[in-house]
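S.K.: So you can see what is in the structure, the chains are spelled out below.
2 protein chains.
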Amino acid sequence: MTQTLRANRDRLMQSLDELGRIGAYDAGNGVMGVRRLALSDEDATGRRLVMSWFEQAGLAVSIDQIGNAYADRPGADPALAPVMAGSHVDSVPTGGRFDGALGVLSALEAVRTLNDLSITTPRPITIAYFTDEEGCRFGTDMLGSAVATDRIPLADARALRDADGISVGDELDRLDFAGPEPVGQRRPHAFVECHVEQGPILAREGYDLGVVTGVQGISWRRLTLVGSAAHAGATPTDYRKDAGLAAAQINVRLREMCVSGEFGELRATMGVIRPEPGSVNVIPGRVTATVDLRNPDADALAAAERTLDNFCRELAESSGVHITWQQTARTPPVIFDEHVRVVIASVADRLALRHRPIVAGAGHDAQEWSRLCPTAMIFVPGENDGISHNPLELSTPEQCGHAADALLNTIVTLAGEGA
Amino acid sequence: MTQTLRANRDRLMQSLDELGRIGAYDAGNGVMGVRRLALSDEDATGRRLVMSWFEQAGLAVSIDQIGNAYADRPGADPALAPVMAGSHVDSVPTGGRFDGALGVLSALEAVRTLNDLSITTPRPITIAYFTDEEGCRFGTDMLGSAVATDRIPLADARALRDADGISVGDELDRLDFAGPEPVGQRRPHAFVECHVEQGPILAREGYDLGVVTGVQGISWRRLTLVGSAAHAGATPTDYRKDAGLAAAQINVRLREMCVSGEFGELRATMGVIRPEPGSVNVIPGRVTATVDLRNPDADALAAAERTLDNFCRELAESSGVHITWQQTARTPPVIFDEHVRVVIASVADRLALRHRPIVAGAGHDAQEWSRLCPTAMIFVPGENDGISHNPLELSTPEQCGHAADALLNTIVTLAGEGA
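For the protein sequence lines, the chains are X and B, in the order given. The opening position of the first sequence corresponds to residue 1 in the working numbering, with each subsequent residue numbered one higher. The opening position of the second sequence corresponds to residue 1001 in the working numbering, with each subsequent residue numbered one higher.
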């Protein structure tokens, strides 16, 4: 099938707008934010709206035990596994209207376009949204996909509690989103997720979309540096054990590691730096700091961790500042399926869209499905350096339209395979 | 006069203990702290206790309009200007029992010893305590001495208000410490202040006391670094404007400046480092940080400031992080009188006390008096690396006794001059 289809950009934007009004709040300066925390009333209203659109598009909707919604469109051959596309409709507390929603609604738009054109694909198509991708409320991200793909047991997921002690299970039951479909039954032919980039690369470099090669591995550490709090005036340089300076030296070293090329595409961030007592005339005696390391290559990530360890050990010895750390998170890199990436790139070429391979910096539902079936993602550029998890999050109708075109044709291509 | 006298160490320690019980609080682990904020009820109780000791020692006490107390002991020749010694009895909110108190009570002990020995010095001797040396409550340190020595007008000092809106004048009137003596009348022959070092040098290097050569100049700046908050995973290194990294680079550069020798005895501290938003997976978009520079040499201090300016300018250009700063405090260095220092050193030699010249890291009443008369200070080593402004502040009876001996003989020597 080499016919190139076009999605209805206006209809897509209208649906994005309509879903974006649910949980909307005034973030100041006329900017509207979105707050649809997982399994909140707003999330439930959003889910029901999207479900009603699934039904209006003639799809058969099934909810599984963790609240994931699957909307099935029959293919010509019911014996073939479906192509699945989707994302999530929950948001961070102060989010925008594109993160997650664009992936679900561009998949819906693909089905609506096929309906308009009365096209039946050989394979079935499934559109899905997954429960609690953000992880802000119950502490574990990609929760619904992780349960659907057997990484997290259903009972464990239901037992997770928010800050008020309310569990995932409580909320699923209250909102009637614990569906009858057993989790872990779906085995798609392929999975495709369209998502905002959440970074600056595509827009700055003038690309229409990114073909996501995988998800970076993540290593989070919480460092505790203990020196000696002392008088800024009365303590000679030689006698100092300045925990703030030691943290600064680690921060500078991390940047050196990133630009050295020695660790591939390493990204490093010290986001938290908390000196105590934190007074202008007291040498910091204790600092809590975090290090966020990312790398698409598992070996390079591990090498960066070892180099950081050695640096901290040497620094502790030379500075007299005691340095300890805890690993607070660690996920290995995900490499997406080469065939699905080639399909997306070919489709983009046919649509005359400028595209480049890109690594995902954040976690996505697609990485869970990648364990079960060939999977890849389409990244959509965003304005304002791709700002995301922020009311200023914005992809233009043109950017969203290109992504919807690419997703539509990718789904159609994959749904014709092996027929 | 070359007779070498000895102070009564036990009496000194007993008085320190008694004064230390006023405003005492349990700081945990059996350690008692002191809280006698300037012109609080506790400060007033402490002042009255010390005043009663002045009177018991036969001294004529006079309070000036800013609440400074002067206790005069006649000399053989009433036409000669007195030797003045003293310090303060107020404390920081979580202080110890030596800061300030040791200077006042070792001067009292000198007079008590002279009384015991029925010695009349040629010059009169004045013991003093000054109002609000710490500056914690009303925001201006060395307040009483500054008014007494004409740096701050009385009306300005009385108008200063604490966080609750209560003024210095209100409290002086309420506590009946606005005395009848006009400020600015005292012109001593010399001024000597004994004080805890508040640093580690003397104890670490095995000295019994320090002969203070002067007070470092101080430059305080509040830096504001504005970069761009962005996703730690999705933002490539090249695209970052990491305000936290820029602050770290400044911190590292400051240390390089200190060890370079290029700026003499420069000390530099970044005590406040406050990244926003301060989240593990967000590149800091904005950092507030403070820089505390100290130098006993005015030119070297100014040179360090210029070098910091240039570094910040270059860093802003190379990093894309916008860097601005405010000067929040700046005091020039003070150089103490060489003759008074020589007297202290000779006295220490006679007492077989190990001594070294030392620069004061913090501000002291003596620096105000140094504008009016020959002035110097005696520093007393402290345990625990000289920790101060802390309940753990501790100088041993031996350390305090050595200081009292040195102060006594210094006062006696100076009080014999020009007779």
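Honestly, the hints are just simulated from the structure, not real lab data. Certain hints may be false.
[What the hints assert, rightly or not] Computed far set for chain X versus chain B, every beta-carbon distance over 12 angstroms:
#1 Arg222
#2 Pro277
#3 Glu317
[Unchecked claim] Coverage of chain X stretches by chain B, computed from C-beta distances (three or more under 8 angstroms per stretch; other residues unrestricted):
#4 30-38
#5 60-70
#6 152-159
#7 167-179
#8 187-199
#9 385-399
All C-beta atoms, glycine included, are put in the ideal place defined by N, C-alpha and C.
S.K.: Three residues minimum, CB to CB under 8 angstroms: does the segment 187-199 of chain X make the cut for coverage by chain B? Let me know.
M.R.: holds (count 3)
S.K.: For the segment 152-159 of chain X, does the count of residues with a C-beta closer than 8 angstroms to a C-beta of chain B reach 3?
M.R.: violated (count 0)
S.K.: Over 12 angstroms from every CB of chain B: does Arg222(X) meet that, or does the non-interface label fail?
M.R.: violated (8 angstroms)
S.K.: Please count how many residues of the segment 30-38 of chain X have a CB within 8 angstroms of a CB from chain B and say whether that reaches 3.
M.R.: violated (count 0)
S.K.: Checking a non-interface call: every C-beta of chain B should be farther than 12 angstroms from the C-beta of Pro277(X). Is that right?
M.R.: Non-interface label fails for Pro277(X): nearest chain B Cβ at 8 angstroms, not farther than 12 angstroms.
S.K.: Against chain B, does the segment 385-399 of chain X show at least 3 residues with beta-carbon separation below 8 angstroms?
M.R.: holds (count 5)
S.K.: Please check whether the segment 60-70 of chain X has three or more residues whose CB lies within less than 8 angstroms of a CB on chain B.
M.R.: violated (count 0)
S.K.: Closer than 8 angstroms Cβ to Cβ for three or more residues is the test here. Does the segment 167-179 of chain X pass it with chain B?
M.R.: violated (count 0)
S.K.: Checking a non-interface call: every C-beta of chain B should be farther than 12 angstroms from the C-beta of Glu317(X). Is that right?
M.R.: holds (17 angstroms)
In this structure, the earlier hints numbered 1, 2, 4, 5, 6, 7 are contradicted, and the remaining ones agree with it.
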